[in-house]
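A.B. asks: Those protein sequences? They're chains H and G, same order as listed.
With my numbering applied, the first sequence corresponds to residues 31 to 342, in that order.
With my numbering applied, the second sequence corresponds to residues 89 to 353, in that order.
Source of the hints: derived by calculation from the structure; they are not laboratory data.
Some hints here could point you the wrong way.
Stated by the list, open to error - Straight line, CA to CA, 20 Å or less: simulated PhoX-like cross-link-like pairs of lysine-lysine:
{"no.": "1", "chain 1": "H", "residue 1": "173", "chain 2": "G", "residue 2": "118"}
{"no.": "2", "chain 1": "H", "residue 1": "136", "chain 2": "G", "residue 2": "118"}
{"no.": "3", "chain 1": "H", "residue 1": "136", "chain 2": "G", "residue 2": "191"}
Stated by the list, open to error - What the simulated footprint calls covered on chain G by chain H, stretch by stretch (three residues with Cβ under 8 Å from a Cβ of chain H suffice, anywhere in the stretch; the number is not a length):
{"no.": "4", "stretch": "114 to 126"}
{"no.": "5", "stretch": "330 to 338"}
Every value quoted in this text rests on a predicted model; they were computed, and no experiment measured them.
Note that beta-carbon positions come from the ideal geometry of N, C-alpha and C, so glycine has one too.
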Amino acid sequence: MTSVQVRELQAAAVIGDGIAGLSGVTKRYGAVRALDGLSLTLRRGEVLALLGPNGAGKSTAIRCLLGLIAPTSGTVRVFGQDPREPAARARIGAMLQVARIPEVLKVREHLDLFRSYYPSPLPMAEIVRIAKLEGIEGKEFGKLSGGQKQRVLFGLAIAGDPDLIFLDEPTVGMDIEARRGLWEQIRVLAERGKTVLLTTHYLEEADALAHRVVVIDKGKVISEGTPAEIKSQAAGTTGRRIRCHTRLSDEFLWALETVSAVARQGSVVTVTATAAEAVLREMLLADGTVANLEVTSPALEDAFLELTKGKG
Amino acid sequence: MASVAAVPELAPVGNVGRIFVKETKYEFVKLMRTRSFSASVIGFPVMFYLLFGVANKHAYSDNVHIAKYMLGGYAVFGLVGAALFGIGVGLAMERASGWLEVKRASPMPPQAYLAAKCASAVAFGLIIVSILTTLGIALGGVSLSLREFAMMLGLTVVGAIAFASMGLLLALVIPANAAPGIVNLIYLPMSFLSGLWVPIYMLPKWLQAVAPVLPTYHLVQLMLSVFGYQQRSVSLLSHWVGLGGFTMLTLGASWLIFNRSQQNA
Numbered sequence: 031m032t033s034v035q036v037r038e039l040q041a042a043a044v045i046g047d048g049i050a051g052l053s054g055v056t057k058r059y060g061a062v063r064a065l066d067g068l069s070l071t072l073r074r075g076e077v078l079a080l081l082g083p084n085g086a087g088k089s090t091a092i093r094c095l096l097g098l099i100a101p102t103s104g105t106v107r108v109f110g111q112d113p114r115e116p117a118a119r120a121r122i123g124a125m126l127q128v129a130r131i132p133e134v135l136k137v138r139e140h141l142d143l144f145r146s147y148y149p150s151p152l153p154m155a156e157i158v159r160i161a162k163l164e165g166i167e168g169k170e171f172g173k174l175s176g177g178q179k180q181r182v183l184f185g186l187a188i189a190g191d192p193d194l195i196f197l198d199e200p201t202v203g204m205d206i207e208a209r210r211g212l213w214e215q216i217r218v219l220a221e222r223g224k225t226v227l228l229t230t231h232y233l234e235e236a237d238a239l240a241h242r243v244v245v246i247d248k249g250k251v252i253s254e255g256t257p258a259e260i261k262s263q264a265a266g267t268t269g270r271r272i273r274c275h276t277r278l279s280d281e282f283l284w285a286l287e288t289v290s291a292v293a294r295q296g297s298v299v300t301v302t303a304t305a306a307e308a309v310l311r312e313m314l315l316a317d318g319t320v321a322n323l324e325v326t327s328p329a330l331e332d333a334f335l336e337l338t339k340g341k342g
Numbered sequence: 089m090a091s092v093a094a095v096p097e098l099a100p101v102g103n104v105g106r107i108f109v110k111e112t113k114y115e116f117v118k119l120m121r122t123r124s125f126s127a128s129v130i131g132f133p134v135m136f137y138l139l140f141g142v143a144n145k146h147a148y149s150d151n152v153h154i155a156k157y158m159l160g161g162y163a164v165f166g167l168v169g170a171a172l173f174g175i176g177v178g179l180a181m182e183r184a185s186g187w188l189e190v191k192r193a194s195p196m197p198p199q200a201y202l203a204a205k206c207a208s209a210v211a212f213g214l215i216i217v218s219i220l221t222t223l224g225i226a227l228g229g230v231s232l233s234l235r236e237f238a239m240m241l242g243l244t245v246v247g248a249i250a251f252a253s254m255g256l257l258l259a260l261v262i263p264a265n266a267a268p269g270i271v272n273l274i275y276l277p278m279s280f281l282s283g284l285w286v287p288i289y290m291l292p293k294w295l296q297a298v299a300p301v302l303p304t305y306h307l308v309q310l311m312l313s314v315f316g317y318q319q320r321s322v323s324l325l326s327h328w329v330g331l332g333g334f335t336m337l338t339l340g341a342s343w344l345i346f347n348r349s350q351q352n353a
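One chain only, chain H, in its complex shape (with noise of 0.2 Å):
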């Protein structure tokens, strides 16, 4: 076997069932490592967020996934084949992060421009109606909102009813109602079959759209589960946290098992501690006082700063 077939196979075993993904791929640019021996795996009819700091290589991955770039090692399979073909390229579709489109192009004729590119694209009045352009079609790009320039290139994305949709920063410049219905369009997408890649800074976006959840920095994985795996890992290291009213003294507190932190805020104490339940028992045995008792995970934000901090 030639050292291809052989990554072409390790490349099959990475991505297994996947219809996309990448394999140890490695992308130097100099000295700089953007992505570091990086493998990811996109399946159908998943939502998968990339999560990480600025500079942590989601837009490059974005990128190498859509064959903008090569890798400088390591293999890029999207349907089984190099994302640069064509025939791959007719079932992908992306919205980009982009400074400026042509401003004078009116909505309807970005939209059918872009339709033409596909083999069997969605009609016209579906992605009007599925990106909310009802209204607009008529308006030069240059004219509309940030969060209607924002629709206008998700509609340009499902234009060709792809079965892969890669998201950079989709909803940046939307208000919240606006971005709600986006999430509500990509989940549709998703029920459709169709999978979705997203890359966002707003982590309740992830956490209320992904399946999966991959945080990267530095152009390595360092953490990958649903959403909800991710908090519970992170509440593994910092805990979490218990507030109510107590009598109980700070030195009795933190004498708890596990116990990382106490704070008071007036008569509120919040209490961090990864053991919570056996904390809390102790402090209802102590304190028959205790009211107002709220114990919270720590929300996707906060374990996303414990996953990479001191990484970055």
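The hints should help you fit chain G onto chain H, whose structure is shown.
C.D. replies: Below, chain G without anything else, positioned relative to chain H:
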């Protein structure tokens, strides 16, 4: 391997002919609606021709009708401007803004993108030359046979393609934010030194010596040969070789630079 999703049996991209047509249509519409482009690439040659060509309605020099001679010069000036600004500046901007990347990520054939830019440059060239010719006939007392006009249009197509390749090269090498300035710094002196504004034989001898290395000089001599106004001392073949060689050179350089940037990407 069997688990990898099978590719369905369909044409890999949309109808290629239709993509070329739509890409060209929207490129042209975009340039037309971009007033800063359309008004200046059409307006400047028209204004200059009115000032320096039509105004010489009654001027003759050795059987050369100056208004007709300048029609050849400003036709070349206009079509070269449309190609250099439309492609050189347009493509540089679309590359820098990330729009080209969005298009490259789609199944659009890259040739369609380049062909649309080139066809739009040709269309603008034909429009500019037609307007200048109309002005020359209507206001400048220029007499032109239908055959001469047809040959001018033919040379406009050839010239637009040659300078489209120069626009492509510029778009690949110059930074987008400096593109309009740099293109002007090349375009304006090159036009002057090639005799597009002032008949070449009126320039100082030492300046005339520069002309043969400029592609615009070869194109304007070919354009003037339609009227029999070219420099008699130089063969037409050498102008075809000069223009053709320049086109090959810029296309080859563009290809090399593009491939190198792909490898480094």
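A.B. asks: Quick one: which hint numbers does this structure break? Sort them smallest to largest.
C.D. replies: 5
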